[in-house]
Amino acid sequence: MASLIGSAVRRKEDPRLLTGNGCFTDDIKLTGMVHAAFLRSPHAHARIIRVDTEKARSLPGVTAVFTGLDLAGKMKAVPAMWFLPGCDLKPKDRPALATDKVRYAGEAVAVVIAENRYVARDALDLIEVDYEVLPAVVSQELAMQDDAALLHDDVPNNLALLWKAGEIPDQVFADAEVVVKQRLYNQRVIPSPMETRGAVAQYNPGSGEMTLWCTSQNPHIHRLIYADVLGIPETKLRIIAPDVGGGFGAKIATYTEEAVVACIAREIQKPVKWVEERKEHFMATSHGRDEVLEVELAGTKDGRITALRVTNTANLGAYLSTFGAGCPTIDFGLMVTGAYAIPQAAVVTYGVYTNTTPTDAYRGAGKPEATYQIERAVDLFADKIGMDPVEVRRINLVPNDAFPYNSAMGVTYDSGDYQKALDKALEIFDYAAFREEQKEQRQKGKYLGVGFSTYVELCGFGPSAVAGAIGFQGGVWENSTVRVHPGGTVTVFTGTSPHGQGTATTFCQIVAEKLGVPISDVELVSGDTQSVSMGWGTYGSRATAVGGAAVSLATDRVIEKARKIAAHELETTVDQIEFIAGQFTVKGDLSRSRTIQQIARSANYAWNLPEGVEPALEGQSFFDPSNFVYPFGTHICVVEVDEGTGEVEIRRYIAVDDVGRVINPLLAEGQVHGGIAQGVGQALWEGAVYTEQGQLQSGTFMDYTMPKARFFPPIESAFTETLSPVNPLGAKGIGETGTTAAPPAVVNAVMDALKPFGVAALDMPLTPEKVWRAIRSGRDKE
Amino acid sequence: MIPSTFSYVQAHSVEEAIRLLRDSDGEGKLLAGGHSLVPLLKFRLTTPGTLIDIGEIPELRGVRKEGNRIIIGAMTTYRQVLLDPLVAQHLPVLAEAIGQIGDIQIRNRGTIGGNIAHADPAADLPGVALALDAMLEIQGEDGAELVEADGFFLGPLVTALPETSLLTSVSFLIPPEGARSTYLKYAHPASGYAVVGVCAIAALDPDGVVSTIRVAVNGAGDVAYRARSVEDKLLGHAPTAERIRQAASLAADDGEMGSDQFASEEYRRHLCCVYAQRALESILL
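Line by line, the protein sequences give chains A and B.
No gaps in the numbering here: position 509 of the first sequence is 509 in full-length UniProt numbering, and each next residue is one more.
No gaps in the numbering here: position 5 of the second sequence is 5 in full-length UniProt numbering, and each next residue is one more.
FYI, nobody ran anything at the bench for these hints, they're computed from the structure.
Careful, some of the hints might be misleading.
DSS-like, lysine-lysine: derived pairs with alpha carbons at most 30 Å apart [claimed, not checked]:
hint, chain 1, residue 1, chain 2, residue 2
1, B, Lys42, A, Lys444
2, B, Lys29, A, Lys55
3, B, Lys42, A, Lys101
All chains should be modelled from the sequences, with the hints used to inform the complete structure.
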């Protein structure tokens, strides 16, 4: 039998989802349910003078209207959960509803509860709010200036945190043979899952139990935070993340709306539903990135990088979001040296409050920004010393014999073979032939370019002790129970609640392979805090490396117990039992065997168990990895730039990723495709645009460009497999490789194409007009 | 994304639709395919009291040929136009343009009359209508009249259509025998609408001199326009590469350019010229 682990098993989830039988939050319909709609501030910064809800209350069909003052004492503000030490962090919680001041356009000011969504929405137009508009600050650099308007009176210069890691004397740069300095802007993007946020809350006044269905990547984190916000013990607060239609990090965060909905369900003792409109989503759900990166790289003329210094001025938005403090510091800072053996490195991060939507994790969370600056800097360095960008990378990549590799930023890369991934990508690409074609095409007025990204990222969060040391208010271990029922079918429980990853397929593959049962006999349970005892959710590419590892270990415990029962029934000792493909067999005697299903029945009936063995067949594991995992690879992008219009076309995209053991190549490739689409999206099209007054201009899909399938050639995806030593599967993470590797690969490619015009740097997104202007000014110089 | 309250009525004849429009006291809005109107409703950018559905009026659908014109009922869907043999034979450029509108679902629902009456400056058909010398049949309380497409588009979402009138059909002039045509569109990557769309139709006389030339631009500004400066430069001349380049460089001269976060006025002006040049080269060289 072919191994299930490593097989392209089709997604167990798909038949249900594709036939419209999924159950998303909006599909939850409860008897007597009423609907919520939030009134949002049109201003980015304003004092609230008066909120008059009288007319809205009297609209037929309206159940109730609440302002921030109405909720006072009924729930708390929603705090962040990453309190980074040593950076003078000034956390600012999100108020339930704004009372004194609004700090970004889209902040909720009041909520209407009505018999249906239509009435609720109509009633919003009847609420009168008097605002005293205040000057707004949008750019993080301007917000830090002394004369900038303050969002929070007790946060001078709007500076929420100042984090420093490492130090390099100026002399190192002064003495260096070559120094490259570049300012890069990793622009703000808007995570746009197909399903927006939503919540349904039901309160049982008899028992005091609250059930909250919501669009969460991590229901146990939502329980932990909301229990405190709502004053409901975790024993009585049940969070259910049903089918979740994507998150990309935006559904990690605990927001106020979900908690407000629960609070009001308790107040009015009726189930309450809220489903975020797409227009709301653009403003009310966390944004990603928005970091100004100033990178300084020192090296030698023969291509060796000797030191790296980076300053990150990060826009945190109006409040500190759940992981907001961690993304531009730990997630970014620890990975600035990328895949290169750079002996010295230092990072300074300023985290700044502005009158914009709070920022938080977005697919990659800090690592894409880190990768962007180092991969761009390496290209600029190569340019400056006149060396091929591939050659510079080869010289500086961490060598194989250095693993586990301790980086200058103090983290230990678990395993790697960086040259191998680069070799494989180059082999698919045929670099020499490309440079020939590029030369020929340039003579015909066609501008081709190639960009490389030899990336590494940190994921698989992670050792809990490290989480504690960096101020994360939780653990990052995982939990799984594997339960074999009397009939031989298996239920697997996981704390890494998925939101589209296909976890029900991959985790069941692991269990089915190990137990030797058909995958159709295995089902995954996730997303419900009442079914799964604990877990920390799906983000940071941790599902397989941590959650999958827990599943694997729990399965081992099942086998261990089953082996004892089999030995007992087969009248031999445990060490005489072999377990292969679902059969327990006495060594050397194939006639004496039991199937796992037979043992499941024996264990559950418990008629005849060996001494000291308890009934039932179930294993549980709490897995806390010893380190993060560090997936890596090489991405190569080929573009053609239309000289006339500045449009960039992706001609080829090659991705060689090493994510350790690949459980399911079909799903892995899907993750690669999706991640690259989002990464290219950031490089070429996506970008949140605010006016100076803090109005979001890119607030609909008419203006905000999502990457579309027709923008891409077929992606050429391949893998190398360098196992991770930190978990029993040898797996790393795959979810964020594309968004991490792709932006610099694309930008490097466009810069390569624009070389004849003398263009060295442009900020993302590389929109046609921007590229056209660069070409034109390059021509003018000639 | 929930519209404000409105009432809905269905008209079963053109006369009924006009009566319903009149009775709605300016609060009525015609619903054709709905693919432009419904998003506006959801954003509450328009809040009509009554939607008058004209989707069930049979005489508003269909394609026929009369003399040197093809007449298309206003409620004929994009898809029906695309599949129509008369259009394929006589107005390939219309099919070429319609094939670039939206996606399959939109083409299945959206209508040619809805497109033109809605007058979205970034829509594809206003330019094509100008280039094909379209005549619009408008029926009102006092009967029907024919108006030229040139002059019908007054501004973004504003036309010369009277409040209680209905666009019933659009007739397009069949280009002369041997004419070549194209519609070249620079689509906004987010919306797919035209940042610039250039429709060009040209024919040469036996001496190789341009005898027919019609060029129209949509998307670049608030209204589609005929690029007459381009036409004048080419008419009566042999279309050399140099002449085409000179002519195309005038493509922005007859229209007002718009500006937004995606494309500035200057860039749009440039795109008009580039796209005009490419369109003309593809049909004349």
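Going down the list of hints, with the structure as the test:
1. B:Lys42 - A:Lys444: Not satisfied, since the Cα-Cα distance of roughly 49 Å exceeds 30 Å.
2. B:Lys29 - A:Lys55: 28 Å, holds
3. B:Lys42 - A:Lys101: 29 Å, holds
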